[in-house]
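Given chain A's structure and the hints, the job is docking chains B, C and D onto it.
4 protein chains.
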Amino acid sequence: MPDPNPLAPLRQRLLEFAQARDWLQFHSPKNLSCALVVEAGELLEHFQWLTDEESRHLAPAKREAVAAEMADVFIYLVQLSTAMGVDLVQAAQQKIDLNEQRYPAERARGHNRKYDEL
Amino acid sequence: MPDPNPLAPLRQRLLEFAQARDWLQFHSPKNLSCALVVEAGELLEHFQWLTDEESRHLAPAKREAVAAEMADVFIYLVQLSTAMGVDLVQAAQQKIDLNEQRYPAERARGHNRKYDEL
Amino acid sequence: MPDPNPLAPLRQRLLEFAQARDWLQFHSPKNLSCALVVEAGELLEHFQWLTDEESRHLAPAKREAVAAEMADVFIYLVQLSTAMGVDLVQAAQQKIDLNEQRYPAERARGHNRKYDEL
Amino acid sequence: MPDPNPLAPLRQRLLEFAQARDWLQFHSPKNLSCALVVEAGELLEHFQWLTDEESRHLAPAKREAVAAEMADVFIYLVQLSTAMGVDLVQAAQQKIDLNEQRYPAERARGHNRKYDEL
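These protein sequences, in sequence, are chains A, B, C and D.
Position 42 of the first sequence, counting from 1, maps to 42 under my numbering, and the rest follow consecutively.
To get my numbering, take the position in the second sequence, counting from 1, and add 1000.
To get my numbering, take the position in the third sequence, counting from 1, and add 2000.
To get my numbering, take the position in the fourth sequence, counting from 1, and add 3000.
Chain A extracted, bound-state conformation (with noise of 0.2 Å):
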């Protein structure tokens, strides 16, 4: 039987990254939710004066700095799912399933009408 949550090991780690250093004290969903979004900022400002095009082939020095802007948000999304007591792979899995329905294939090829309804 599979491990029923493949981040298991890295919300560990994390858990106990901040217990060592006492810090689970300030680890509300608020203010976790608050550093996430400070996060996905920083991430967006190596993005924000490129064009589309552009932003799909960065100078490798560009990539490395944007995937550990990646690695924030990430970081401080498991550590909300901790704080939260949710699974995110399931979460995102149930998400999937709603948006089959919501979108079938069929109707939303091509065009981005379902982002715009969204």
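Simulated from the structure, these hints should not be mistaken for lab results.
The C-beta atom is built at its ideal place from N, Cα and C for all residues, glycine as well.
There could be a bad hint or two in this list.
With a Cα cut of at most 30 Å, we get these calculated DSSO-like pairs of lysine-lysine [claimed, not checked]:
1) C:Lys2095 with D:Lys3062
2) A:Lys95 with D:Lys3062
3) C:Lys2062 with B:Lys1095
4) A:Lys62 with D:Lys3095
Not the full set, but computed from the structure, chain C residues with beta-carbon under 10 Å of chain A [as the list claims (entries may be wrong)]:
5) Glu2016
6) Phe2026
7) Asn2031
8) Leu2032
9) Trp2049
10) Glu2053
Residues of chain C placed beyond 10 Å of chain B at every Cβ, according to the derived structure [what the hints assert, rightly or not]:
11) Pro2009
12) Gln2012
13) Leu2024
14) Cys2034
15) Gly2041
16) Pro2060
17) Thr2082
18) Gly2085
19) Val2089
20) Gln2090
21) Gln2093
22) Ile2096
23) Leu2098
24) Arg2109
The following block gives chains B, C and D in isolation, referenced to the frame of chain A:
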């Protein structure tokens, strides 16, 4: 040998979802970062007027709504990882390695000084 | 008769600043909205680990840093208002007109129920 | 002598609006910054899947919706300026003074190098 990327099944499902709708054309790193920050804002919206303490004790319906927003953030982050060719779990582990050096447990314990320096 | 747009001098100065550097080409509403949300994140960064109460009593240096981030948010908002042809003060007054109807003072008094409905 | 703060009437109206509902208790700088970034995300949502060019030519209904989101961002920014005791226009003018020194027109002309350094 364990699967090198525990998120591979989710990545694959999201890729097929987008391909079936011909939506990869919209999934530039810039657009996905925009979408991610928008969803992060929707997540934070649930907490904006709550105290830290209230955010730790959500009613079940609100908790479900928060989990759904976390799923949206995660979905765009995974799609961005595909667009960028970044392994999220590996990037997070490397970032934690770095943070362990930056914030030794014995010095960081119990105050949020670290956070002010970030 | 009073000036219909009290922000006109600031708008004009920002327009000339961008024109002198040939930067209007980058100032699409999409890009300016990205830049605005990035700066809003930098603003929030100062508060992310503070309690509400701590955020009401900042040290002078931190208060200065927060004011500088508020200026950045405002600058992009004013530039966006130029790009969109929107009068910010007028748009705000109209929104307050609407909010006065939505949230009559006698019913909204003293609880944050309104905020949950927004 | 001109009014030292052209936003004073709007600040005053927003202050009275909040006082009449006993909402100032919720208006800590932290909460207002959260609300501001949430609204900035709602603003960006309108543009997230558009090209730069599309964002410059919005249909009238979409333009109205964007203006309403800009108003929300502005309202929270003005309320934050009250909570912090910051004069927004003055802070913006000081920031532009600084940017004129940082990015001399003759060197910054026509490329977005400046943006990458920010």
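To see whether the hints hold, each was checked on the structure:
For a cut-off of 30 Å, the pair hint linking C:Lys2095 to D:Lys3062 stands: about 16 Å separates their Cα positions. Straight-line distance between C-alpha atoms of A:Lys95 and D:Lys3062 comes to about 27 Å, which keeps the hinted pair within the 30 Å bound. Between C:Lys2062 and B:Lys1095, the direct Cα distance comes to roughly 27 Å. Compliance with the 30 Å bound is thereby established for this hinted pair. The hinted pair formed by A:Lys62 and D:Lys3095 meets the criterion: a straight-line CA distance of about 27 Å does not exceed 30 Å.
The criterion of a C-beta within 10 Å of any C-beta in chain A is not met by C:Glu2016, whose closest approach is roughly 20 Å, and the hint is violated. Look at C:Phe2026: its Cβ gets to within about 5 Å of chain A, closer than 10 Å, so that hint holds up. Hint status for C:Asn2031: holds, given a least beta-carbon distance of 6 Å to chain A, under 10 Å. Of the supplied interface hints, the one on C:Leu2032 holds, with its beta-carbon coming within about 9 Å of a beta-carbon of chain A, less than 10 Å.
Hint on C:Trp2049 holds. Least Cβ distance to chain A is approximately 5 Å, under the 10 Å limit. Of the supplied interface hints, the one on C:Glu2053 is violated, with its beta-carbon coming no nearer than about 14 Å to a beta-carbon of chain A, more than 10 Å. Here C:Pro2009 stays apart from chain B, with its beta-carbon at least about 31 Å from theirs, past the 10 Å limit. Look at C:Gln2012: its CB is around 30 Å from the nearest CB on chain B, clear of 10 Å, so calling it non-interface holds up.
Residue placement check: C:Leu2024 keeps its beta carbon more than 10 Å from all beta carbons of chain B (closest about 20 Å). Consistency note on C:Cys2034: stated as away from chain B, yet its beta-carbon is not over 10 Å from all of that chain's, at 7 Å minimum. Here C:Gly2041 does not stay apart from chain B, with its beta-carbon only about 8 Å from theirs, under the 10 Å limit. The claim that C:Pro2060 is not at the interface with chain B holds, since no C-beta of that chain comes within 10 Å of its own (minimum 15 Å).
Residue placement check: C:Thr2082 keeps its beta carbon more than 10 Å from all beta carbons of chain B (closest about 21 Å). Non-interface call for C:Gly2085 relative to chain B: holds, since the shortest CB-CB distance, roughly 23 Å, exceeds 10 Å. No beta-carbon of chain B is positioned within 10 Å of the beta-carbon of C:Val2089; the least distance is around 24 Å. Non-interface status of C:Gln2090 relative to chain B is upheld: no Cβ of that chain comes within 10 Å, the nearest being about 25 Å off.
For C:Gln2093, the requirement that its beta carbon stay farther than 10 Å from each beta carbon of chain B is met, with the minimum near 23 Å. Distance check for C:Ile2096 against chain B: the nearest CB is about 19 Å away, which clears 10 Å, and the non-interface claim stands. Against chain B, the non-interface label of C:Leu2098 holds: every CB pair exceeds 10 Å, the least being about 19 Å. For C:Arg2109, the condition that its CB be more than 10 Å from all CB atoms of chain B holds, with the nearest at approximately 15 Å.
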